[in-house]
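Engineer: Start from chain A and add chain B according to the hints.
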Amino acid sequence: MSARVLVGVKRVIDYAVKIRVRPDHTGVVTDGVKHSMNPFCEIAVEEAVRLKEKKLVKEIVAVSCGPQQVQETIRTALAMGADRGIHVEVSGKDYDALGPLQVSKIMAALAKKEEADLIILGKQAIDDDCNQTGQMTAALLDWPQGTFASELTLEGGMLKVVREIDGGLETIKIKMPAVVTADLRLNTPRYATLPNIMKAKKKKIANVKPADLGVDVTSRLEVLKVDEPPQRQAGVKVETVEDLVVKLKEAGRI
Amino acid sequence: MTNPLRGEVIRLYKNLLYLGREYPKGTAYFRERLKAAFMKNKDVTDPEKIQKLIDRGDFVIKELEALYFLRKYRAMKKRYYEPEH
Chain A
1 MSARVLVGVK
11 RVIDYAVKIR
21 VRPDHTGVVT
31 DGVKHSMNPF
41 CEIAVEEAVR
51 LKEKKLVKEI
61 VAVSCGPQQV
71 QETIRTALAM
81 GADRGIHVEV
91 SGKDYDALGP
101 LQVSKIMAAL
111 AKKEEADLII
121 LGKQAIDDDC
131 NQTGQMTAAL
141 LDWPQGTFAS
151 ELTLEGGMLK
161 VVREIDGGLE
171 TIKIKMPAVV
181 TADLRLNTPR
191 YATLPNIMKA
201 KKKKIANVKP
211 ADLGVDVTSR
221 LEVLKVDEPP
231 QRQAGVKVET
241 VEDLVVKLKE
251 AGRI
Chain B
1 MTNPLRGEVI
11 RLYKNLLYLG
21 REYPKGTAYF
31 RERLKAAFMK
41 NKDVTDPEKI
51 QKLIDRGDFV
61 IKELEALYFL
71 RKYRAMKKRY
81 YEPEH
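Taken in order, these protein sequences are the chains called A and B. Each residue of the first sequence is one higher than the one before, counting from 1 in UniProt numbering. Each residue of the second sequence is one higher than the one before, counting from 1 in UniProt numbering.
Some hints could be false.
[Claimed, not checked] Here are the simulated PhoX-like pairs of lysine-lysine, each with C-alpha atoms no more than 25 Å apart in a straight line:
1) A:K18 - B:K77
2) A:K58 - A:K175
3) B:K25 - A:K34
4) B:K77 - A:K34
5) B:K25 - A:K18
6) A:K199 - B:K14
7) A:K225 - A:K18
8) A:K203 - A:K52
9) B:K72 - A:K18
10) A:K58 - A:K204
11) A:K203 - A:K54
12) A:K58 - A:K202
13) A:K175 - A:K113
14) A:K34 - B:K62
15) A:K105 - A:K209
16) A:K18 - B:K78
[Claimed, not checked] Computed far set for chain A versus chain B, every beta-carbon distance over 12 Å:
17) V21
18) S91
19) K201
20) L224
[Said to hold, decoys possible] Non-contacting residues of chain B with respect to chain A, defined by C-beta distances greater than 10 Å in every case (computed):
21) R6
22) G7
23) V9
24) A28
25) F30
26) R31
27) K35
28) A36
29) K40
30) N41
31) T45
32) P47
33) I54
34) G57
35) V60
36) P83
FYI, nobody ran anything at the bench for these hints, they're computed from the structure. Just so you know, these numbers come straight off a predicted model, no measurement behind them. Ideal Cβ placement from N, Cα and C applies to all residues, glycine included.
This is chain A alone, in the form it adopts within the complex:
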């Protein structure tokens, strides 16, 4: 099969880091904070690599949008098995305002340019939790979408996707080209070990600007304020059931 897969990967603050809101409440502290690939994007890359190992797909292109540092994230995707990377350069204010709408426009333009047959994305990013890019990309390309995929199989020219939905699993069959977003249980991503990272240095990362793709990255959203969630009140311990009843009555609960 000569299919080409586009995988979008996002550089986010590492999942294990304790997030702190900036003193001016315009966002979170990112300087000097550990960043890594979005966990759902890792699952997306892994799925693409598995498809390639099964010889169902010929080439995997890893894409990321952002400043110079996202090249690290693309390199991780290359170390996991992607063939080449595309770095869409967006920096400064444009990068702060970059959201699913802009990224999906970029992905759609790249899909057409690279003649991709399949786009695999993570279902959502752990920093903004939008869960929109996959869906918007499919809409812009007028392609079918298999979101929240927990299982993916290629049957003929069709994709069979098992989706995780409220209340269970839904199996759908969609035509290629299509967009798939990866859910947690799709697969177990491999670790990008040092030898793989070294080998990946030979793989190419192309640089491209949104303007080259004819995409306008102005945002229609403005972040007004970022706050921490309210502090949890400490619980109160009581000695006996009678005390509990008294406390509940005091709080007007019973």
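Structural biologist: For chain B alone, coordinates are given in the frame of chain A:
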């Protein structure tokens, strides 16, 4: 006389050091213990014994990868999914 397995040992050390960057208790903690573990065996010359130690090192690499994966999986599951899942 340089032991032919020297390259393998150095490769193993570098790989473990790279993995140690994500260690939950901190990179410094990991690096200390890694160095101590390797230094403890620095006088071993028997190639068979060295190979056994290298295999043990590769096993530790697999254990670390599993640890990192489980940690991440459990964190994601806790944050994004209802308890019934």
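Engineer: Checking each numbered hint in turn, tell me which of them this model violates, lowest number first.
Structural biologist: Result: no hint breaks.
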